[in-house]
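Participant: Residue strings, one per chain:
2 protein chains.
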Amino acid sequence: MCSPEVARVVSDRIKKEGLPQVSRRNFLRFGGMTAAGLAVASAVPFRAARAQEMAEIVDLSHVFGTNVPTYVPTDVATRETTVNVKDNGFYIQRWSFGEHTGTHMDIPAHFIEDGETVDNYAIGNFVSTAVVIDISAKAADEPNATLDVSDIEAWEAANGEIPAGALVCLYSGWESKWADVAAFRGDPGDGSLNFPGFGAEACTFLTTERDIHGIAVDTLSLDPGNSATFDAHYTILGAGKYGIENVANLGAIAGKAATVIVGVPRWESGSGGPCRVMAMV
Amino acid sequence: MCSPEVARVVSDRIKKEGLPQVSRRNFLRFGGMTAAGLAVASAVPFRAARAQEMAEIVDLSHVFGTNVPTYVPTDVATRETTVNVKDNGFYIQRWSFGEHTGTHMDIPAHFIEDGETVDNYAIGNFVSTAVVIDISAKAADEPNATLDVSDIEAWEAANGEIPAGALVCLYSGWESKWADVAAFRGDPGDGSLNFPGFGAEACTFLTTERDIHGIAVDTLSLDPGNSATFDAHYTILGAGKYGIENVANLGAIAGKAATVIVGVPRWESGSGGPCRVMAMV
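For the protein sequence lines, the chains are A and B, in the order given. The first sequence begins at 48 in my numbering and counts up one residue at a time. The second sequence begins at 48 in my numbering and counts up one residue at a time.
Since the hints were made in silico from the structure, they are not lab data. A quick note: this is a predicted structure, and the numbers were derived from the prediction, not measured. Misleading hints may appear alongside valid ones.
Heads up, the list lumps identical chains together, so a pair's fine if it works in one copy or across two of them.
Said to hold, decoys possible - In silico EDC-like links for lysine to aspartate or glutamate, alpha-carbon gap of 16 angstroms or less:
(1) Lys-185 to Asp-195
(2) Lys-133 to Asp-161
(3) Lys-133 to Glu-160
(4) Lys-303 to Glu-203
Produce the entire structure from the sequences given, and follow the hints as far as they go.
Facilitator: Now the structure itself:
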C-alpha cells in the first residue's frame, strides 16, 4: 500500500500530466460478491417503473470489434491499450473507427445534405415497437433477396397494421454468418457484395403509408448487396427516418411483442454511429 | 442522374476500392414528411409492448464532442469528415478517443485485473430503477462534497429501501457547468480537480447492504475530484458493478419513478466506453 502522501502525488500526476498511474488496493476487491438487499417496496411512494416488470432483455448487437465485416473492406476499427491495471493501476483502450462500423445507426445526414445529425435527433424515436418480418426462406435461395410490399402485406394479414412508432426489422438469417467476413459480405471471391436488403417500393410504402420510426437489417446495408442505386437509404433517410445495420439476434424476437431500444451515443455532428440495440420482450 | 451503368461502376468501386462515391437522387428527398398511418391494434394478436406506453423519454447524456471536459486534460476525442454528401454522395466521420470520454461507462476491468469487460457484461444490468439522491445543496458549499451513508438513509426514510436492480445516481447540479471545461473540472487554476463524488462508506454500504446494478454521477469521476485513493472506483468495480460518469439532466428525473436504460456499444475487451443513457419516466 502506498502512503496517503504517495497516493496524492500519483493522483496529482494523473490530473496534471495526463499519465494515468494509480495505486492498487487489493483489499477492496470484493470479487463480485454482494449481500442481496431485501427490497421492501410496499407502503412507500417509490416504485420500480414498468420496464422493470418486463421479463427479458434481448441483446440485438454484435460485439464492436476490429475484425468484423464492413461494407468498405478497408474501413475497419482499430484499438490500442493505452494503460493497463498491472503496470498503471487501471485499464483504458483508445479507439479509431468510421461511424458506419459494427451494429450502427444511419441517420438522415448520412445521405441527405443538411439532414439531421445523430446528436440532436429526437430521442423518443429510439424506443420503438418491434415489427420483425422474416424473409429468411427466400434469402436462403437468393442472397440479394429484398423485403417487398408483399412481405409487409403478409405480415399485416397475420398481425394487423404496422403500428405507429414501429422499427421494421428485416430478418434474413444473415446474423449467423457474422463470424465469417466473406460469407457475411456474400463475396464469392470477385469483390462483389451479395446479401438481402429492403426493396425500394417497400421503403416508399413504409414512409408514406405507415408511421414508422425506422428500419433495421441483419446485413451490412439497408439496401441489398447488389444495389447500385441505394434506394432504401435515400427513401428512409430522405423521409427523416433512421436505419440500423448489422443487427444481431432478430431470430430471438421474431413473432414476439417486443420494444426495441437503440442506445446510440450522441456522436457530435454524427452521420449515425455505433450503438447498442436491445429488445424488451 | 447517373445511368444505371455508371451507378454500377460507382457502386463496385465503393465495394472493392474503399472510395465511397455514390450518385445523388434528389427526387427521393421526402423532406421528412410522411402520412401517419392509422394504427388499428384491436382484435389482432400484435400489440405494442409496455415500454411504449410510457409517457416520456428523458435524455441523460451529453453530446459526445471534441471539446468536452475530460479527467485527463490531454485525453480528448478527435473526429474528421472522411466523405461528404456534396463531393462524395454521402457523409461519414472517423473518430478517435479514449474509452473514458463524455457520458460513459466504467466496467470492472477498468480497475480490476481480469475483471469483466463491457462487451459481454450481462445486458439485464443495463435496465435499472433510477434512485436519484440530491446532494446539490451541500455541493454548492463544498465542491468535493460526497454522497454519504447519511444521504442514503435520508433518501430511504422518504422513499423506502433502495430496490434491487437500482442505479443510484448522485445529483450534484454539476451538469450545468458542462459547457465550461474549467468550471466542470473545478480547476481553480492550479490544475487540481474539485467536484462531488461518492464517499467510500456509501459505496461499501451499497455493495454489501443493498443489491444495486451500479452508480452514476453528473461529474467527471465516481470519486470526488480531490480523491487520491479512488475508493468509489475500487469498491463499485471491485464488487462487479458498473459506474456511469458525466451523466446529464438528472435534475429532470429527481423525485420521479423512472427506469434508466444504458445503451453502451459492445466495445471489444472494453474497460467501459461512451454510451447513451436514457430514462423512461
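Participant: Now look at each hint and say whether the structure bears it out.
Facilitator: These are the hints, each one checked on the structure:
no.	hint	verdict
1	Lys-185 to Asp-195	within (11 angstroms within a copy, 60 angstroms between copies)
2	Lys-133 to Asp-161	between (47 angstroms within a copy, 10 angstroms between copies)
3	Lys-133 to Glu-160	between (48 angstroms within a copy, 7 angstroms between copies)
4	Lys-303 to Glu-203	within (14 angstroms within a copy, 38 angstroms between copies)
Going down the numbered hints, you'll see the structure goes against none, and every one checks out.
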